[in-house]
Amino acid sequence: MRIIGLEMAKALRSPLVAGLLVVFTALNLFVMYGQTYQREELQVLSSLVSRFGHDMNGEGYERLSDYYKSELAAFNTIAEAKLGRTYDSAAEFAGSNPQLIDPARPFTDDEVELTQRLLVTERYVQAVPELREQYADMDMWEIAKGMLDIMTKPTSDEVDRIVYANYDKLEQRVIALREQGEHLHLFFQGVVHKLHSFLYKHILGLMLYQMMLLSVLITAQIMNYETDRNTHPLMYATRRGRRLQRDKLAAALLSSLLAAVVLLAVNLTAYFRLFDYSELWQVPISTGLMREFRFTPYIAWWPFRFAEYLGAVIGLALVLQLIFAGLAAWLAHYVRNSYFVCCMFLLLLGAGWVVITVTPPGSLLIFAAYANPFQLLWVPHGWFMMKNVFSTYPSYELVTVGSWLVIVAALLGLARRHFIRRDLR
Amino acid sequence: MLALRNVSKYYGDFCALKEINLELTHGVYGLLAPNGAGKTTLIKLLVTLLRPTTGEILYDGQPIAQLDERYRELVGYLPQQFGYYKHYNPRQYLMYIAALKGIGKTAAKGRIEELLQLVALEGAANKKMKTFSGGMIQRVGIAQAMLGDPQLLILDEPTAGLDPKERVRFRNLLSELARDRIVILSTHIVSDVESIAGEIIMIRDRRILYQETVEALCSKLEGQVYETLIDYEAAPQFRRDVLSLSEKQEQGMLRIRFLSTQRSDPSWQPVRPQLEDLFLDVFRDEETGGGQ
Numbered sequence: 000m001r002i003i004g005l006e007m008a009k010a011l012r013s014p015l016v017a018g019l020l021v022v023f024t025a026l027n028l029f030v031m032y033g034q035t036y037q038r039e040e041l042q043v044l045s046s047l048v049s050r051f052g053h054d055m056n057g058e059g060y061e062r063l064s065d066y067y068k069s070e071l072a073a074f075n076t077i078a079e080a081k082l083g084r085t086y087d088s089a090a091e092f093a094g095s096n097p098q099l100i101d102p103a104r105p106f107t108d109d110e111v112e113l114t115q116r117l118l119v120t121e122r123y124v125q126a127v128p129e130l131r132e133q134y135a136d137m138d139m140w141e142i143a144k145g146m147l148d149i150m151t152k153p154t155s156d157e158v159d160r161i162v163y164a165n166y167d168k169l170e171q172r173v174i175a176l177r178e179q180g181e182h183l184h185l186f187f188q189g190v191v192h193k194l195h196s197f198l199y200k201h202i203l204g205l206m207l208y209q210m211m212l213l214s215v216l217i218t219a220q221i222m223n224y225e226t227d228r229n230t231h232p233l234m235y236a237t238r239r240g241r242r243l244q245r246d247k248l249a250a251a252l253l254s255s256l257l258a259a260v261v262l263l264a265v266n267l268t269a270y271f272r273l274f275d276y277s278e279l280w281q282v283p284i285s286t287g288l289m290r291e292f293r294f295t296p297y298i299a300w301w302p303f304r305f306a307e308y309l310g311a312v313i314g315l316a317l318v319l320q321l322i323f324a325g326l327a328a329w330l331a332h333y334v335r336n337s338y339f340v341c342c343m344f345l346l347l348l349g350a351g352w353v354v355i356t357v358t359p360p361g362s363l364l365i366f367a368a369y370a371n372p373f374q375l376l377w378v379p380h381g382w383f384m385m386k387n388v389f390s391t392y393p394s395y396e397l398v399t400v401g402s403w404l405v406i407v408a409a410l411l412g413l414a415r416r417h418f419i420r421r422d423l424r
Numbered sequence: 000m001l002a003l004r005n006v007s008k009y010y011g012d013f014c015a016l017k018e019i020n021l022e023l024t025h026g027v028y029g030l031l032a033p034n035g036a037g038k039t040t041l042i043k044l045l046v047t048l049l050r051p052t053t054g055e056i057l058y059d060g061q062p063i064a065q066l067d068e069r070y071r072e073l074v075g076y077l078p079q080q081f082g083y084y085k086h087y088n089p090r091q092y093l094m095y096i097a098a099l100k101g102i103g104k105t106a107a108k109g110r111i112e113e114l115l116q117l118v119a120l121e122g123a124a125n126k127k128m129k130t131f132s133g134g135m136i137q138r139v140g141i142a143q144a145m146l147g148d149p150q151l152l153i154l155d156e157p158t159a160g161l162d163p164k165e166r167v168r169f170r171n172l173l174s175e176l177a178r179d180r181i182v183i184l185s186t187h188i189v190s191d192v193e194s195i196a197g198e199i200i201m202i203r204d205r206r207i208l209y210q211e212t213v214e215a216l217c218s219k220l221e222g223q224v225y226e227t228l229i230d231y232e233a234a235p236q237f238r239r240d241v242l243s244l245s246e247k248q249e250q251g252m253l254r255i256r257f258l259s260t261q262r263s264d265p266s267w268q269p270v271r272p273q274l275e276d277l278f279l280d281v282f283r284d285e286e287t288g289g290g291q
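Chains as they are written, first to last, in numbering that gives the first Met the number 0: chain R, 0 to 424; chain X, 0 to 291.
Chain X with its partners taken away, still in its complex shape:
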């Protein structure tokens, strides 16, 4: 179990995270937050790149700072901006990371072949990575994170650059992996975590706002999300009255999904709230996007 106890992180006077308390067991945890909320800071604390100013992070009851490499050998990490060696091919690159992870040469060779197959890069295993597309690079990143059978997989924006097919395959893979390990998935793409995350962690104003299941979070908006068809001319005024969640053209009119605490018009159709609705509601005044 991974636990954060009153973890705060300051850079001088600037507070990046404040009094974070979390407990993570097996499963996929979706980390949702807009830019500047402290998402990447939290992840960097978890992978020991940063040290908490106050509080402590425990793995199975022991401080990770004390566990040192015994902790890090359990961690698979994909940073948000995944750097790579342009002149290496994926096999060479993964061999290097395997060495840093303390995996023997022979064991690494076999595992690397498996992973390259898993991320569908076996055909490009000997090509220099400078020739790779963004999606291919991201797949190398996913492969390296999974090297060494990590018990704690921390992925910062892992689906960036993946096409829809790869994204589905990746989600399925994570669901499979999460059966016996902790997977932390930081993303601004709500659909990536909605279907697979056991729990969602939302950070706002540098604090944990929620750590709950998708269902529990969605139930917070029960009876407040509606859909209706309106004229385009009426749309500006309508948007001022309610929080528009999504809009699409339908039969020459605008089908709008929105949030309202009252059902002011009987033509409004109540619909089932989704995670994205909550995300938009919670962060309605903040810029949303891909991490900080």
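Next up, chain R with everything else stripped away, as it sits in the complex:
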């Protein structure tokens, strides 16, 4: 353990790693700040949830509707006094009156605030029945068919059969979701704020690349530390001998995880301080309000709450770092220069991305092509959810990381055997 600690220190003390952590965090904060203009509106939802709860399946929705009606009535009293008329909805008022943004508006600041709050409340009140209707009509078979139909290259009957079977499973999940009313929970409205994709695709997605880069750099640096400095004849001739390579691997994996945890902890803490999710941790991740486009709902295979889903995504992200670090360690066994290891890894990344385009969709291999860790980087906002036809099945993430953990372990095992036997010149 002492040697592992000393090996970890070699990478973690490196100014490059510390510098990258700072630069990445600065970049992520910059991206986050770009969305802070939404915070006031988001706060309206948080206050609604704190008063009425997030479950809109029964009493909660009735109480929210009653509150909305009373607020609309209060608004109409003001509107009648100032404009001489009333409105059926806040949207009708906003659509025909620019007064809210006019400096010479006839409303006081409190009245403007009431109106804005009413506009937001109204959106949620109106969204719930619409969602109930949309989810009642949702047909997974039709979605699968639509996705297969728009493919430029034809699939085979065998592939179609598997896809439809997977979407049948999804249909069962949707039925259960409807029964549980998971889709009718308040959350930041996806069609307006797009916060699910912002958090998981833009922030976590960006961090996935950052963590991957850190993992590869750290691993290459630790594994090739001796050859880079010409100290290998000395170090591998000590009592520890070639077992040092095993210590280095453990140190590389642990350091990669540590760097990832630090990056995630700092950036997610910043994110949740900027955007208040305090009332929403228990909201089902499959709620209809999460959807950002009408035909692409976020339907998770399991009834995750927001906090559970976030935990699962973080867990998967960390396992991915182990795979990336393992692949970099494998490369470092054969490529004796840290920077070349990084270049070779980029080639692997490219191969992992293009493999789906060169695999014929009519072949069953298309499922294997999608089940690679580099494909997971594209869709962090869809992890554990319905996504591409070839990656929509409950065990997709598990199969992908599980099989690649085995592949990486086997590659490392072979590399180790080779290293034990080879001459160190």
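It is worth saying that the hints were derived from the structure and are not from the lab.
Some hints here could point you the wrong way.
[What the hints assert, rightly or not] Stretches of chain R that chain X covers, calculated by requiring three or more beta carbons in the stretch to come under 8 Å of a beta carbon on chain X:
{"id": "1", "segment": "112-120"}
{"id": "2", "segment": "224-235"}
{"id": "3", "segment": "414-424"}
[What the hints assert, rightly or not] With a cut-off of at most 30 Å between alpha-carbon atoms, the simulated BS3-like pairs for lysine-lysine come out as follows:
{"id": "4", "chain 1": "X", "residue 1": "K104", "chain 2": "X", "residue 2": "K129"}
{"id": "5", "chain 1": "R", "residue 1": "K9", "chain 2": "X", "residue 2": "K127"}
{"id": "6", "chain 1": "R", "residue 1": "K144", "chain 2": "R", "residue 2": "K168"}
{"id": "7", "chain 1": "R", "residue 1": "K9", "chain 2": "X", "residue 2": "K104"}
{"id": "8", "chain 1": "X", "residue 1": "K164", "chain 2": "R", "residue 2": "K9"}
{"id": "9", "chain 1": "R", "residue 1": "K168", "chain 2": "R", "residue 2": "K386"}
{"id": "10", "chain 1": "R", "residue 1": "K386", "chain 2": "R", "residue 2": "K200"}
{"id": "11", "chain 1": "X", "residue 1": "K129", "chain 2": "X", "residue 2": "K164"}
{"id": "12", "chain 1": "R", "residue 1": "K9", "chain 2": "X", "residue 2": "K126"}
{"id": "13", "chain 1": "X", "residue 1": "K126", "chain 2": "X", "residue 2": "K85"}
{"id": "14", "chain 1": "X", "residue 1": "K129", "chain 2": "X", "residue 2": "K108"}
{"id": "15", "chain 1": "X", "residue 1": "K17", "chain 2": "R", "residue 2": "K9"}
{"id": "16", "chain 1": "X", "residue 1": "K17", "chain 2": "X", "residue 2": "K108"}
{"id": "17", "chain 1": "R", "residue 1": "K193", "chain 2": "R", "residue 2": "K168"}
{"id": "18", "chain 1": "R", "residue 1": "K386", "chain 2": "R", "residue 2": "K144"}
{"id": "19", "chain 1": "R", "residue 1": "K144", "chain 2": "R", "residue 2": "K193"}
{"id": "20", "chain 1": "X", "residue 1": "K85", "chain 2": "R", "residue 2": "K9"}
{"id": "21", "chain 1": "X", "residue 1": "K108", "chain 2": "X", "residue 2": "K126"}
[To be verified] Here are a few chain R residues that sit away from chain X, every Cβ distance over 10 Å (derived from the structure):
{"id": "22", "residue": "G145"}
{"id": "23", "residue": "L243"}
{"id": "24", "residue": "W301"}
{"id": "25", "residue": "A350"}
By construction, the Cβ of each residue, glycine as well, lies at the ideal position given by its N, Cα and C atoms.
Given the coordinates of chain R, assemble chain X onto it according to the supplied hints.
Showing chain X alone in chain R's frame:
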């Protein structure tokens, strides 16, 4: 006892060492050979960085490959090109190597202080090694080789970069250490081993040529080494007739030390052969220098 039995090393078709047989007990062994003779290959075989293609290396009768870390914990090794961590100070660097040698933290701390004092680096113990001179780096290398009280000390060109005073101190230290352990000193500086080596191992054409004491080796040239004073004008012809071993200016003439099987001129003064004379004689047609 360290023994090599019919050890050969091939890289593909290239033979780096052929049928090496050696037996080493306590004492200093000087390994002398020109470039490309297989000196560093032999050393790397002894420290398990290379594996013999054929034959075996035994320590106290057991193959070192089987002994594995039980063998390596007995070995102190200074490679020819001693790599180091630029951003570490000697104390940190030695602590790391101590960990690799399986020395506990507390024991290592005490021993490192002793060694730093021994190699006169106690004043620079907290300075980053990137600021060190070649000699200082070499002294760190010597200190690390001696960490863990090795029974087998293998030093490849250890005096490179040391000043004359440090070199003498180092030689004395090795003589002291060699009382109860094996010290293998690979060098192209004959004077480094001549005074302290119990036996000299010479490698030529990838085989062991000699494994004998300095006296026994020098006696091979008994009656063949002479000195004389000649004119500078006569020097070119003289060099063609005999093997010149060393030359220096004296009284406006050239004092030349040379090798000849016959005393062709009574003015030639017979002198006592030295190890360097034999080295130059043995490797007269090969390039001499610091290892391969």
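Against the structure, the hints:
Only residues whose beta carbon comes within less than 8 Å of a beta carbon in chain X count, and the segment 112-120 of chain R has 0; fewer than three means the coverage is violated. Check result for the segment 224-235 of chain R against chain X: holds, 9 residues qualifying (beta carbon to beta carbon below 8 Å, three or more required). Proximity of the segment 414-424 of chain R to chain X, defined as three or more residues with a beta carbon under 8 Å from a beta carbon of that chain, is established by the 4 residues found. Restraint check for K104 (chain X) and K129 (chain X): the C-alpha separation of about 25 Å stays at or below 30 Å, so the hint holds.
Using a Cα cut-off of 30 Å, the hinted pair K9 (chain R) and K127 (chain X) holds, with the two alpha carbons roughly 15 Å apart. About 15 Å separates the Cα atoms of K144 (chain R) and K168 (chain R), which keeps this hinted pair within 30 Å; it holds. Distance hint between K9 (chain R) and K104 (chain X) is fulfilled; the C-alpha atoms sit about 18 Å from each other, no more than 30 Å. Between K164 (chain X) and K9 (chain R) the alpha-carbon distance is near 35 Å, which puts this suggested pair outside the 30 Å criterion.
Pair hint K168 (chain R) plus K386 (chain R) holds up; C-alpha atoms about 14 Å apart against a cutoff of 30 Å. For a cut-off of 30 Å, the pair hint linking K386 (chain R) to K200 (chain R) stands: about 13 Å separates their Cα positions. In summary, the hint linking K129 (chain X) to K164 (chain X) is supported, as the alpha carbons are separated by about 23 Å, within the 30 Å threshold. For the hint linking K9 (chain R) to K126 (chain X), the alpha-carbon distance of about 17 Å falls within 30 Å, and the restraint holds.
Note on K126 (chain X) and K85 (chain X): the hinted pairing holds, with a Cα-Cα distance of about 10 Å set against a maximum of 30 Å. For the hint pairing K129 (chain X) with K108 (chain X), the CA-to-CA distance comes to about 22 Å; that is within 30 Å, so the pair holds. Taking the CA atoms of K17 (chain X) and K9 (chain R), the gap is near 40 Å; set against the 30 Å cutoff, the hint is violated. Proposed proximity of K17 (chain X) and K108 (chain X) is contradicted: the alpha carbons are some 43 Å apart, above 30 Å.
A distance of roughly 27 Å separates the Cα atoms of K193 (chain R) and K168 (chain R); the hinted pair therefore holds under the 30 Å criterion. Of the pairs offered as hints, the one joining K386 (chain R) and K144 (chain R) holds, with about 14 Å between alpha carbons and a cut-off of 30 Å not exceeded. Distance check on the hinted pair: K144 (chain R) and K193 (chain R) sit about 26 Å apart at the alpha-carbon level, within 30 Å; holds. The straight-line distance between the Cα atoms of K85 (chain X) and K9 (chain R) is roughly 12 Å, inside the 30 Å bound, and the hint therefore holds.
Using a Cα cut-off of 30 Å, the hinted pair K108 (chain X) and K126 (chain X) holds, with the two alpha carbons roughly 17 Å apart. For G145 (chain R), the condition that its CB be more than 10 Å from all CB atoms of chain X holds, with the nearest at approximately 59 Å. With a least CB separation of 6 Å from chain X, L243 (chain R) falls inside the 10 Å interface cut-off, contrary to its annotation. Every CB of chain X is more than 10 Å from the CB of W301 (chain R) (nearest about 45 Å), matching its label as outside the interface.
Listed as a non-interface residue, A350 (chain R) keeps its Cβ farther than 10 Å from every Cβ of chain X; the least gap is roughly 32 Å.
This entry does not satisfy hints 1, 8, 15, 16, 23, going by the numbered hints stated previously.
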